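**Student:** Quick mapping for you: the protein sequence lines, in order, are chains A and B.
Heads up: the first sequence begins at 189 in the working numbering, then just goes up one per residue.
Heads up: the second sequence begins at 113 in the working numbering, then just goes up one per residue.
No lab work stands behind these hints, which were simulated from the structure alone.
In this text the structure is predicted, and so the values were computed from the model without any measurement.
Mixed in with the good hints there might be a few duds.
The calculated DSSO-like cross-link candidates involving lysine-lysine, where the alpha carbons are at most 30 Å apart (straight line), are [stated by the list, open to error]:
(1) K270/B / K353/B
(2) K462/A / K219/A
(3) K338/B / K170/B
(4) K270/B / K228/B
(5) K338/B / K129/B
(6) K353/B / K327/B
(7) K338/B / K327/B
(8) K462/A / K228/B
(9) K170/B / K270/B
(10) K228/B / K219/A
(11) K249/B / K462/A
(12) K170/B / K462/A
(13) K249/B / K219/A
(14) K170/B / K228/B
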Amino acid sequence: MTSQAASRPNAGGGLAQALRDGYILMWRNLKRIPRIPELAIFAVLQSIMFVLLFAFVFGGAIPIAGGNYREYLMPGIFAQTIIFASATVSVGMAADMSQGIIDRFRSLPMARSAVLTGRTMAEVVYQGGILIVLMLSGLAVGWGVHTGIVEFLAGVALLLLFAFAMAWVGVWLGLSVPTVEVAQQVGFTVLFPITFISNVFVPVQTLPDFLRPVAEWNPTSTLTAATRLLWGNPTAADPRLPAATGFPAEQPILLTLIWVVVILAIFVPLAVRKYRSVSR
Amino acid sequence: MDAITAEGLVKIYRTRKNEVRALDGIDLTVGEGTVLGLLGPNGAGKTTTVRILATLLKPDAGRATVAGFDVVRQAQQLRSVIGLSGQYAAVDENLTGRENLWMFGRLYQLSSADAKQRAGELLEQFDLSDAADRVVKTYSGGMRRRLDLGSALIGRPKLMFLDEPTTGLDPRSRLGMWEVIRGLVRDGATLLLTTQYLEEADELADTIAVVDRGKIIARGTSDELKSQVGGERIEVVVRRKEDISRAGEILARQDSTNPQVHSEEHTRRLSIATNGGANRLMQLMRDLAEAEIEIDDIGLHRPTLDDVFLSLTGHVADGPKPDAEAVSHAAAAARSEKPA
Ligand SMILES: Nc1ncnc2c1ncn2[C@@H]1O[C@H](COP(=O)(O)OP(=O)(O)OP(=O)(O)O)[C@@H](O)[C@H]1O
Ligand SMILES: [Mg+2]
């Protein structure tokens, strides 16, 4: 029977098989998007709701140097959307685990990693699509990119890189919770403070002293600051407030890349180990 | 060579509050090209056994090989020669039937073209061609089950695990599924299938192993097991209490070798072991009609899983009673033939 296994076509094994299987699982995860359009529609609507809420309700009360609050807000909304997306990844992962499909995957001679890489890669593609819709909405409310195409693409790449890292957090979370509902709850309980104690909606300088370092080092803030910087959107707070100093304010791009590496270094092994141990 | 061997398999599920000893030393062997039916009530450990053999679970003790591969140490090689159809359909709700099969074919490491062709064949074989391009969400339970079995066959495995393959199917689909399974056996596949129905094990399996509380308590061919249980019985319910003794005499006359009639006063039910089948039943109906004994119900009662259990363990199967009352009712006929 050994010869039968060896003679199977494509049984290359190793990295080539891992990539091929990961790609097939990515295809599977992307297929569902147009079939449950509500998911994507509400993801976009939620972000647009935040834009409208903050741009038109609170916008007047928030002082921004250089004027246009919507220009300031949009990069933050992009970052927030991408970070929130890890909650949907965890829900999707938990749903997979609660259904029989994962048993089928585990009984097939496929690369073990594919279930996880397929999901995180699909998430990057999906977030790319959401980002396009959000950018078009941003253009409509007066946001724009004021630098070159290279800087624009660098900003997009940074956002998608971050989406990839956050997707791994979502995968790990989805594998760790007992049910889909818990995944949903945990996601939002953790993500709301992370995205709100940041520079997304208000300059960090306006926060109370004890929250300020949290907000400064928060990856949401560094990602937002990095894209603002790359796209020429206002980064500075009101000149009447003390100027932002220190490493996070000066090196947001580098710090964001460090965050991506740190998150991946922690959550990829955690997720892989969790996936191996589930129901064994 | 044995296609499947297991020795002393133990599996303990640990939850926060307690431990469940799901398998308590399972030994089994399945010869190449044969069918083993694992028969047992809810919670007996059938699914756990299948999951260990299909590499989804690690045993806590014992060892097992499938196609010569160790289930723990050579899991990946093992996976490329088996097909698994679990107790609950393991297909993607948001993909179409065709997409599901294609995906599983690719993950079985078939080429894209092979996977596509194989998907088409299986859709045809399982009568799903019309629904092939609809998302599985819109499938009925039976359609899912068939798609699931098709998914297990995608790589033409020589060795298959089928966990309750006909649970939830209507009688017609059930017969269809039996036909498919027989076809697999004809093509030389080795099968381990679990079921709660003696009748099904009878139809499909060469040997049957009865599992209860994580142990195999009996094994043999279906005839061997049935003779242990005591074979078929004819059951009659008479209309009037006064007729019970007269009916008993008529029943006793049917089978001179074993004239042991069971009768219950309050339910007006009588029964007797028989090996005469339907002919004996017809004869009895005529005799009762001749004697002008009115009956409410009459039927041939085949041994059920409950009977097997009662006789093998002395206790009735735990959990909800399996719906396996294999009584071929002649009651309707009896009612319409009321004596004047
Ligand atoms: N994941 C689990 N965690 C804890 N206990 C479990 C788990 N899976 C099964 N069990 C327990 O192990 C025992 C055997 O279960 P198993 O699913 O193997 O039975 P089964 O014979 O397949 O039953 P059924 O006919 O209901 O499918 C049962 O007592 C069950 O409660
Ligand atoms: Mg079961």
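**Student:** Hint by hint, say whether it matches the structure.
**Tutor:** Here is what the structure says about each hint:
1. About 58 Å separates the Cα atoms of K270/B and K353/B, which puts this hinted pair outside 30 Å; it is violated.
2. Proposed proximity of K462/A and K219/A is supported: the alpha carbons are some 26 Å apart, at most 30 Å.
3. For the suggested pair K338/B and K170/B, the alpha carbons sit about 34 Å apart, so the restraint of at most 30 Å is broken.
4. Between K270/B and K228/B the alpha-carbon distance is near 20 Å, which keeps this suggested pair within the 30 Å criterion.
5. The hinted pair formed by K338/B and K129/B fails the criterion: a straight-line CA distance of about 40 Å is larger than 30 Å.
6. Between K353/B and K327/B the alpha-carbon distance is near 44 Å, which puts this suggested pair outside the 30 Å criterion.
7. Between K338/B and K327/B the CA atoms are separated by roughly 19 Å; this keeps the pair inside 30 Å, and the hint holds.
8. A threshold of 30 Å between alpha carbons decides the hint, and for K462/A with K228/B the separation of about 33 Å lies outside it, so the pair is violated.
9. Taking the CA atoms of K170/B and K270/B, the gap is near 23 Å; set against the 30 Å cutoff, the hint holds.
10. Restraint check for K228/B and K219/A: the C-alpha separation of about 17 Å stays at or below 30 Å, so the hint holds.
11. Using a Cα cut-off of 30 Å, the hinted pair K249/B and K462/A holds, with the two alpha carbons roughly 29 Å apart.
12. Restraint check for K170/B and K462/A: the C-alpha separation of about 15 Å stays at or below 30 Å, so the hint holds.
13. Between the alpha carbons of K249/B and K219/A the distance comes to roughly 14 Å, so the proposed pair stays at or under 30 Å and holds.
14. Pair hint K170/B plus K228/B does not hold up; C-alpha atoms about 33 Å apart against a cutoff of 30 Å.
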